[in-house]
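Asks: Construct all of the structure, not just a fragment, from the sequences and the given hints.
Sequence lines, in order, name chains A and B.
As numbered in this note's numbering, the first sequence has no gaps in its residue numbers, which increase by one up to the final residue, 1790.
As numbered in this note's numbering, the second sequence has no gaps in its residue numbers, which increase by one up to the final residue, 180.
Read the hints as simulated data drawn from the structure, not as lab findings.
Treat the hints with caution; some may be incorrect.
To be verified - Chain A side only, calculated, beta carbon under 10 Å to chain B, not exhaustive: (1) T1446; (2) R1449; (3) L1489; (4) S1510; (5) N1731.
Claimed, not checked - Per the computed footprint, the stretches of chain A lying under chain B, defined by three or more beta-carbons under 8 Å from a beta-carbon of chain B, are: (6) 1450 to 1461; (7) 1468 to 1479.
To be verified - Not close to chain A: a few residues of chain B, all C-beta gaps over 12 Å, as computed: (8) E92; (9) L115; (10) A169.
Please read these numbers as outputs of a predicted model, since none were measured by experiment.
Note that CB positions come from ideal geometry on N, CA and C, so glycine has one too.
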Amino acid sequence: MCEVIAWYVVELRSRLAPHLPAAQVETIVTEARSHLNESTANLASSLQISQDEAAAAAIDAFGQPEAVAMTHLRQHAWRPLGIKPLWLVWGGASLSILLWVMEFEWMRGYFDNFGESWQNVFGGFCALAAVIAFGVGCYAGRQRHRMTILAVGAAVEVAIFFGFSFIIVGSTDNGQGLSRIHLSRDVENVRKDVSTLDRLDAYVREGAAAFAGAKSVGDIPFKFRDPSIAQREVGLYNLPLQLAGRLTVKGNYSFGGFGRPPLPYFIIPSESVIVMVDGRTYGLSAEADFSHAVLDWRKSAKALGAIAKQKQQMNILLESAAQARSGRLFFFNRRVYSGAILMVPLFLPVLVIAEAIASALFRRRRTWPGLVRA
Amino acid sequence: MAFRSDINALVLGALQAGPLHGYEIVRRIRETGGAGKLSEGQVYPYLHKLEADGLVSAEWQTDTGGAPRRVYQVNEAGLKELQKHREQWNKFVSGVGSILAVSDSKKEAPNV
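Replies: Structure follows, in structure tokens:
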């Protein structure tokens, strides 16, 4: 046997050995050697060329060891749970990108438009499982999938453009929109937000007047000191959680989760009013020092401005909902889909890494000298 | 040939005349041009798949005077499969043929 054929056999064996049973490898390698020898003899006699030249030509026609080995390995592809590897590759890649985008939208503020909190956390785990399924599919199929990643990425971008344009109704500057699927529920929540903002507006005006005329702590009505009263009156969501973010005097009390801080302290208006389209509104903060609280209430005009702006945003959403009900689709409204579309390329490196790991595993070779016995 | 899956049909077709070893099967398929972009070595996996599917049987031939050869033979199930491929192919050819014939006749007699 020519040296070049011996080399070929070793190369082929080293690529098959880690993945197939020894007997099967032996069959494939023996057949390849027999084929190459026969082909070499035929070429040498028919073309009147040397054995080495004929062997090189025979190998050229037979194919590179890696390509031949991969074709064999693909024919013996493992089917995880009976599923074709290609389904895992496409399904895993599409699902993981979509879930990543959904999670991003959740973080960005759409939140319950796409599901309850536990559903979003569950979605995160599903995205991880989808990436693993994609990697398993790449490994089982014994094929490179770099172009597949690009193709799936492009397909998801198109799906997001049309899907989000269909699902999301309107969108405001703070990146929120209503879900067409849950339009009645969301409209009700936004109306609730508007009435909460009205109550908050009245509460802030009343508080500004009360603090402006107060000479001492005793002049402050209790509703501006007790968060539970404020929460009940205004209808804010989870006031203690919001209070935790703005305290100039620290260490006086511990919330211990959502516990109520001890008196004395004062509720003050917050310059940033957060309104979620799922019905939650944040708009108040707290201050432990009376003189600081008085100064904060003097600046309540900013809070009133923020409340007015949020009311405007909510009214835009209500108008959009009315348009949606009369059949409008929100295509070409880049606020609806631009964030999600920009997020897709950021996720593709995750799939590229998973594919590279799978590829390194299915292309691994065995190179110890014991195999060199051709 | 248009579809790579038809390699199976070509292998079965090559074997219907009688048992052949791998090199001879590959040579016959290459002569038809049916392997497309596949190299000679990439035809063997299809042979092994047909064997695993029970459509052909194979046994080693050691009395060749040289390296041992694996000789393949199509069985009843393989012949039935070949018949299916043949019917599909005939259907495909007649379908395409009828479309091409219509195109040709239109060329010959254009509307004035």
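Asks: Now look at each hint and say whether the structure bears it out.
Replies: Checked hints:
1. T1446: Cβ of T1446 of chain A sits 6 Å from chain B, so the hint holds.
2. R1449: For R1449 of chain A, the interface hint holds, since the closest Cβ of chain B sits about 6 Å away, which is under 10 Å.
3. L1489: holds, 8 Å
4. S1510: Where the cut-off is 10 Å and the nearest Cβ of chain B is about 25 Å from S1510 of chain A, the hint is violated.
5. N1731: Given a least distance of 60 Å, the restraint on N1731 of chain A is violated.
6. 1450 to 1461: With 5 residues in contact (Cβ-Cβ under 8 Å with chain B), the coverage given for the region 1450 to 1461 of chain A holds.
7. 1468 to 1479: n = 3 at 8 Å, threshold three: holds.
8. E92: Not fine: 9 Å to the nearest Cβ puts E92 of chain B too close to chain A.
9. L115: Violated, because the least Cβ-Cβ distance between L115 of chain B and chain A comes to about 9 Å, which does not exceed 12 Å.
10. A169: For A169 of chain B, whose nearest Cβ neighbour in chain A is about 37 Å away, the distance exceeds 12 Å, so it holds.
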